[in-house]
Amino acid sequence: MSQPSLIPDARREPLSHAEIGRYSRHLLLADVTLAGQERLKAAKVLIVGTGGLGAPLALYLAAAGVGTLGVVDFDTVDESNLQRQIIHSTRDVDRPKTASAKDRLRALNPYVRVVEHNVALTSANALDIIGGYDLVADGTDNYPTRYLINDACVFLGLPVVYGSVFQFEGQASVFWAGHGPCYRCLYPDPPPPGLVPNCAEGGVLGVLPGIVGAIQAAEALKLLIGGAEPLLGRLLLVDAWTMEFRELALERDPHCPVCGDAPTITELIDYEEFCGLRPPPDEKPVQTITATELKARLDAGDPIQIVDIREPHERAIAKLPDAIVMPLGQIYRRTGELDPDRDVVVVCKIGQRSVYAIRALEQAGFPGRVFNLKDGVNGWARAVDRSLPTY
Amino acid sequence: MAKLSIPTALRAYTERQAKVDADGATVGAALAALADRYPDLRPHLFDEAGELRGFVNVFVGDTNIRSLAGLATPVTPDSVVALVPAIAGGLR
Ligand SMILES: [Zn+2]
Numbered sequence: 001m002s003q004p005s006l007i008p009d010a011r012r013e014p015l016s017h018a019e020i021g022r023y024s025r026h027l028l029l030a031d032v033t034l035a036g037q038e039r040l041k042a043a044k045v046l047i048v049g050t051g052g053l054g055a056p057l058a059l060y061l062a063a064a065g066v067g068t069l070g071v072v073d074f075d076t077v078d079e080s081n082l083q084r085q086i087i088h089s090t091r092d093v094d095r096p097k098t099a100s101a102k103d104r105l106r107a108l109n110p111y112v113r114v115v116e117h118n119v120a121l122t123s124a125n126a127l128d129i130i131g132g133y134d135l136v137a138d139g140t141d142n143y144p145t146r147y148l149i150n151d152a153c154v155f156l157g158l159p160v161v162y163g164s165v166f167q168f169e170g171q172a173s174v175f176w177a178g179h180g181p182c183y184r185c186l187y188p189d190p191p192p193p194g195l196v197p198n199c200a201e202g203g204v205l206g207v208l209p210g211i212v213g214a215i216q217a218a219e220a221l222k223l224l225i226g227g228a229e230p231l232l233g234r235l236l237l238v239d240a241w242t243m244e245f246r247e248l249a250l251e252r253d254p255h256c257p258v259c260g261d262a263p264t265i266t267e268l269i270d271y272e273e274f275c276g277l278r279p280p281p282d283e284k285p286v287q288t289i290t291a292t293e294l295k296a297r298l299d300a301g302d303p304i305q306i307v308d309i310r311e312p313h314e315r316a317i318a319k320l321p322d323a324i325v326m327p328l329g330q331i332y333r334r335t336g337e338l339d340p341d342r343d344v345v346v347v348c349k350i351g352q353r354s355v356y357a358i359r360a361l362e363q364a365g366f367p368g369r370v371f372n373l374k375d376g377v378n379g380w381a382r383a384v385d386r387s388l389p390t391y
Numbered sequence: 001m002a003k004l005s006i007p008t009a010l011r012a013y014t015e016r017q018a019k020v021d022a023d024g025a026t027v028g029a030a031l032a033a034l035a036d037r038y039p040d041l042r043p044h045l046f047d048e049a050g051e052l053r054g055f056v057n058v059f060v061g062d063t064n065i066r067s068l069a070g071l072a073t074p075v076t077p078d079s080v081v082a083l084v085p086a087i088a089g090g091l092r
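In order, the protein sequence lines correspond to chains C and V. Note that this note's numbering has the first sequence beginning at 1, numbered continuously upward. Note that this note's numbering has the second sequence beginning at 1, numbered continuously upward.
Please note that the accuracy of each hint is not assured.
[Said to hold, decoys possible] Some chain C residues close to chain V (C-beta under 8 angstroms, calculated; not the full set):
| hint | residue |
| --- | --- |
| 1 | Asn142 |
| 2 | Phe168 |
| 3 | Leu186 |
| 4 | Tyr187 |
| 5 | Asp189 |
| 6 | Leu237 |
| 7 | Glu251 |
| 8 | Pro254 |
| 9 | Leu328 |
| 10 | Gln330 |
[Unchecked claim] DEER-style ranges, computed between Cβ atoms:
| hint | chain 1 | residue 1 | chain 2 | residue 2 | range |
| --- | --- | --- | --- | --- | --- |
| 11 | V | Ala18 | C | Gln83 | 23 to 29 angstroms |
| 12 | C | Ser24 | V | Lys3 | 45 to 51 angstroms |
| 13 | V | Gly54 | C | Gln363 | 43 to 49 angstroms |
| 14 | C | Ala249 | V | Lys3 | 38 to 44 angstroms |
Simulated from the structure, these hints should not be mistaken for laboratory data. Please read these numbers as outputs of a predicted model, since none were measured by experiment. Backbone N, C-alpha and C fix where the C-beta goes; we use that ideal spot for every residue, glycine too.
Sequences are here, hints too, so could you generate the full structure?
Here's what the structure looks like:
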């Protein structure tokens with residue numbers, strides 16, 4: 001169903017001759033025209049995250065002449081970002097992502113106003129930051145921020161152009177309470193921490209967020225120009241490995257806690273807690289061991305069992321000597337292979353997934369002493385064995 | 001029986017299988033058969049009460065089973081049942 005523009009006629013901003021020349025290929029389109037381009041010039045879009053999804057989103061929206069682009073990010077550019085975050089360059093490593101993005105966007109299109117929000121989006125600032133915009137493009141990588149953006153936009157009546165990627169698979173949709181479902185209608189609860197690794201631990205094909213982010217940019221432009229058929233009530237699935245696109249029908253959930261008929265969430269909540277990221281007060285803390293301490297104990301002949309919970313292809317990059325290989329998905333049923341009378345040290349890439357492996361060992365009733373290798377195999381590579389790469 | 005399509009995010013629990021045939025006349029029975037074959041997957045699909053978890057959607061064809069009969073939605077050997085969990089990547 002075709003959707004009218006978010007930007008009313010009264011807000012249209014006339015174009016200069018220079019802008020008319022620049023946007024000529026849009027103006028030639030009978031479904032965009034001068035009116036559509038004047039709406040884009042008046043539009044204010046907030047892009048949350050200037051990473052894999054945010055990079056193509058911001059570049060295409062700036063190139064297309066969206067008048068005001070807000071970019072939210074609290075992070076700095078890391079070398080491992082450059083495999084996919086094409087808005088940043090090698091010389092931008094260690095700079096704030098919002099500053100790097102602003103430079104690139106202004107170089108691309110000086111007619112666009114770029115507003116830097118060099119902060120983390122939180123329940124305390126989200127309504128203030130989002131409130132000034134016409135729509136939000138969600139390029140985040142974590143559940144607390146996704147639910148925060150969703151709820152804030154439900155309260156503000158704004159559409160969210162949604163995208164998400166993992167390894168070779170992507171999702172895109174438009175969530176908009178009052179016009180269709182919201183994110184919570186689709187996913188009422190987040191997965192427990194650790195079930196699905198994020199891109200830092202699970203990896204992502206670099207071009208995939210480019211594909212999904214470009215789809216998000218198209219959806220944002222369509223909502224601003226008006227008259228198009230957005231992905232409202234439709235979930236687009238992309239599998240870049242098989243290059244299959246699938247569309248699934250989404251419906252608003254009348255029982256949705258935030259946009260349903262009798263909502264139970266009527267203000268922003270603690271999203272870290274909602275997503276299970278605050279440990280319960282009675283939870284036993286995980287004991288850690290540093291790479292240097294582990295090395296000293298091994299050198300002293302301590303019969304430690306090192307358990308590497310990574311998949312074989314990851315072990316091929318860097319590994320500790322003499323580890324027991326037990327991928328995370330197999331821990332629970334293979335606990336019996338470990339000797340409870342010898343200390344266990346669990347190893348992953350950066351010491352995050354290993355925490356979930358330790359919880360799985362506890363749930364399986366393993367009675368022995370278990371330690372988490374701090375900073376994982378990357379920590380070992382930095383502190384003990386400099387012949388190994390970090391990744 | 002039905003053809004189950006397993007997303008990347010859950011393949012760590014299905015020995016990397018992307019397509020699994022599972023017995024059962026309903027979505028619930030087919031998913032239970034899947035969980036019997038891959039016990040590590042079970043806690044990620046069902047909660048303690050046996051309800052489907054809130055971060056997993058199941059589609060028969062193009063339609064969410066929540067718009068059909070939920071886990072009681074019937075399936076045939078030709079049915080393609082897709083698990084579509086929440087994924088979160090994009091930024092870092
Ligand atoms: Zn909703």
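Query raised in the report: Looking at the structure, which of the earlier hints fail to hold?
Result: 8, 13, 14
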